[in-house]
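Engineer: Sequence:
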Amino acid sequence: MKSTLTQNQARLLYVSESDKSITSLSKVIDGRTTLYFDDEIGHTYTAEIENIDKYYDEEYHIYDESDEDDVLYKVVDGVKIFRQQHQLDVLQRKISIEPGMNILDYGCAKGTVLKRLSSIVPGINPHLFDVSQMYTHLWKNFIPVSNFSSYQVKSEWVGKMQLITSFFAFEHTPDPIKELTTIQGLLSPDGYVYMIVPNMYENTGDFIVADHIHHYSKPSLRYLFQQCGLEILEIDEKSHFAAFIIVAKNTQGAISVDSQDDEVQRVKGDVEDIAGYWSGMQTKIQVFESISSSKTAAIYGAGVYGMFIASTLKKFDNVKLFIDQNPLLINSELLGVPVFSPDKYDVNFEVLYVGLNPLIAKEVISKLQLPEHVEVFYL
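When the letters of the sequence shown are read in order and numbered with the working numbering, they come out as residues 1 to 379.
In short, the hints are calculated from the structure, not lab data. Since the model is a prediction, treat every value here as computed from it, not as a measurement. There may be inaccurate statements among the hints.
In silico BS3-like pairs for lysine-lysine, Cα to Cα no more than 25 Å straight-line [claimed, not checked]:
1. Lys94 <-> Lys218
2. Lys284 <-> Lys315
3. Lys268 <-> Lys295
Pairwise CB distance ranges (calculated) [unchecked claim]:
4. Lys178 <-> Gly31: 18 to 26 Å
5. Glu156 <-> Lys314: 50 to 58 Å
6. Lys362 <-> Glu237: 16 to 24 Å
7. Lys249 <-> Pro122: 21 to 29 Å
8. Val145 <-> Asp258: 28 to 36 Å
9. Gly123 <-> Asn348: 33 to 41 Å
10. Asp39 <-> Gln152: 44 to 52 Å
11. Glu156 <-> Glu231: 25 to 33 Å
12. Gly336 <-> Gln9: 41 to 49 Å
By construction, the Cβ of each residue, glycine as well, lies at the ideal position given by its N, Cα and C atoms.
All chains should be built: construct the whole structure from the sequences, respecting the hints.
Structural biologist: The structure is reproduced here in structure tokens:
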């Protein structure tokens, strides 16, 4: 299969065992998840889900009832920190935002980050673009109609933007070179791009997300930006957990990239380890389930990992609750099962399936006061 980023012939890397897949919004959809690897630039990508344009235009709802709804990012000393606020904090540390700047959020969804930035730095000129119209009722609350667009960017924006941001959008786009070339054309001669994309190598769950088409590595990010005439100033993999933050500037000319062969080889080894991890995982879950088939169960984590477990279990009826820290999910139901916070559940269970990133799972569960008889399963 041809790589959609480079047109290189990419090799088949992974096909899911089940004919059910999980989306980034933790929904179960029909079809297997199939991934390929481009050995030339160290890039992993997923075969597109069916009718992907319609999916993002009409079905990809990110808590769109209110622009204040947000996803939990982390908990520090008992204080919940939410993702969009964290994104805003890091953006302000890295980019000097000044009154009068034309700023565009490309693939903006609700546009919450730019709305909050507008209240902090009065006088900026915010613009929004997305491939859907489902968020326009929120955009109208803080910018004029002339400053937002769906499906196509406005011609009057070309060459005018001093800063273009993109928060977790480029993993979704089928053709990242086309989209980044569009961004380059919208930038002023001295303009900057500030982009965040998932880091699959820190969060292996991103590997199985069916609607994340592109899984970038540092080498493939350098290749992408170089192809679009943008000079990368920084790739930061520390400031946002399980994400790459890329800061780049408009050069309006050719960009050279030093040989990345050694780094590509390291990426190749890492991605094959991840593929090996997920291959057979469903069998591993079902083998454990068969040993505890008569016991009541709970799933800790209502995100991608938790839904992967839920969709794999043969006797989901044994699951009596989900446990999750996200206040937007607490007191709701998933798959007909209630979601409780870690400190407020009153349902007894004998087995706990931990649907969390393996890097943090044991630390999180160690803080629970579980009865001694509860058996714990880690991915």
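Engineer: Each hint: holds or not?
Structural biologist: Hint check:
no.	hint	in the structure
1	Lys94 <-> Lys218	holds, 19 Å
2	Lys284 <-> Lys315	holds, 15 Å
3	Lys268 <-> Lys295	violated, 41 Å
4	Lys178 <-> Gly31: 18 to 26 Å	holds, 25 Å
5	Glu156 <-> Lys314: 50 to 58 Å	holds, 57 Å
6	Lys362 <-> Glu237: 16 to 24 Å	holds, 22 Å
7	Lys249 <-> Pro122: 21 to 29 Å	holds, 26 Å
8	Val145 <-> Asp258: 28 to 36 Å	violated, 45 Å
9	Gly123 <-> Asn348: 33 to 41 Å	violated, 57 Å
10	Asp39 <-> Gln152: 44 to 52 Å	violated, 35 Å
11	Glu156 <-> Glu231: 25 to 33 Å	holds, 26 Å
12	Gly336 <-> Gln9: 41 to 49 Å	holds, 44 Å
Consistency note: the structure conflicts with the earlier hints numbered 3, 8, 9, 10.
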